[in-house]
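Trainee: Sequence:
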Amino acid sequence: MSKVQSGLNANTTIREAIQKIALHGVINPKTNTTYSNEGVSGYVVKVHLDDEMAGTVDVKEYSNTILSEEGGNIHEGVLLSAIQGNTGLLVVPKLYSDVLIAKDPVTNLEYVTMFSHVDVLQLDSHDTITIGVKKREEFDESSEDGDDINELPETGVHAVTKYQKDSITTEVTDGEDNTTTQTIDTEKFEIISGDDKSKQIINQDGVSIEHDDSKMILDNDKSVLEKGKSKVQIEDGTVYLGSTSGTDDAVLGGELADILMDFLGYLAQGQTTTQLGPQPMINQVPNFIALKAKIQSFKAAHSGFLTNKVLVQK
960 MSKVQSGLNA
970 NTTIREAIQK
980 IALHGVINPK
990 TNTTYSNEGV
1000 SGYVVKVHLD
1010 DEMAGTVDVK
1020 EYSNTILSEE
1030 GGNIHEGVLL
1040 SAIQGNTGLL
1050 VVPKLYSDVL
1060 IAKDPVTNLE
1070 YVTMFSHVDV
1080 LQLDSHDTIT
1090 IGVKKREEFD
1100 ESSEDGDDIN
1110 ELPETGVHAV
1120 TKYQKDSITT
1130 EVTDGEDNTT
1140 TQTIDTEKFE
1150 IISGDDKSKQ
1160 IINQDGVSIE
1170 HDDSKMILDN
1180 DKSVLEKGKS
1190 KVQIEDGTVY
1200 LGSTSGTDDA
1210 VLGGELADIL
1220 MDFLGYLAQG
1230 QTTTQLGPQP
1240 MINQVPNFIA
1250 LKAKIQSFKA
1260 AHSGFLTNKV
1270 LVQK
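Taking my numbering as reference, the numbering of the sequence shown is continuous, increasing by one, and the terminal residue is 1273.
Some hints could be false.
[To be verified] Below are the SDA-like pairs computed for lysine to any residue, each with C-alpha atoms no more than 25 Å apart in a straight line:
| id | residue 1 | residue 2 |
| --- | --- | --- |
| 1 | 1251 | 1235 |
| 2 | 1158 | 1112 |
| 3 | 1188 | 1177 |
| 4 | 1251 | 1234 |
| 5 | 1190 | 1216 |
| 6 | 1253 | 1234 |
| 7 | 1124 | 1135 |
| 8 | 1158 | 1189 |
| 9 | 1093 | 1117 |
| 10 | 1124 | 1108 |
| 11 | 1053 | 998 |
| 12 | 1186 | 1216 |
| 13 | 1053 | 1065 |
| 14 | 1053 | 1010 |
| 15 | 1053 | 1072 |
| 16 | 1124 | 1086 |
| 17 | 1147 | 1170 |
Simulated from the structure, these hints should not be mistaken for laboratory data.
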């Protein structure tokens, strides 16, 4: 038995020796810290962006947990990810931010595992990315029969954005009657609030905004504003008020006023045939003069049949 025990001890010694060889460079001889297990804490002293070490950072170890210019080793060329060429998740730490680094025991390459502050966060998926916040029922730590923290039911209140290859959809809801959805894809940009009560659609053909029985449409040919059965439509050179069917030409108030005054002037010069010969219409002339003065007042003061709130281009 003593020989067998002796053989086991020898095997243990050999195994420990192989481990020390395999872990060479992984254990800090000064602190006896195993990088791949406990990690090394420090702060970023340089971010390499455009040199031969681009995509890495230099990290200085903390000395006695105090930020020191004297103590602490500097780890140069620390990778941002344990996997070289990782584009799925890229995190670039901020200069002088706290980081935790570890070492791959196979390749001896160091990489950052935790960050306190970041300058760049890039998430690139092959199919779908979902980001959101969902409200759940409160955890009751005093209840033995209550749901575990990972089993708490959702309340329906959430704000979630889903990214897919050809669309982005965001939904915000209170779980009851109030929901707003935004969709962006190759065809359109759409916002819907409530049960289709308010809607906005933007695409290459135009813009459409709807609320209840009101609507606004902008396209290459026209601009339209509708409320119930009433409509204002603007085309290049033409404005329709009320409807586009059964319409008539609008009147230029200033021009009408001039024509009416000329007409009254001609009437005032009119004559009637009598036994004494042609005579002026004496009994109507005062009325003509008064009406002409009234029309002049209308034209000057934007009153009567003229208004400055509706203008029609000549």
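Trainee: Output the numbers, in ascending order, of every earlier hint that fails for this structure.
Mentor: 1, 2, 4, 5, 6, 7, 10, 12 and 13
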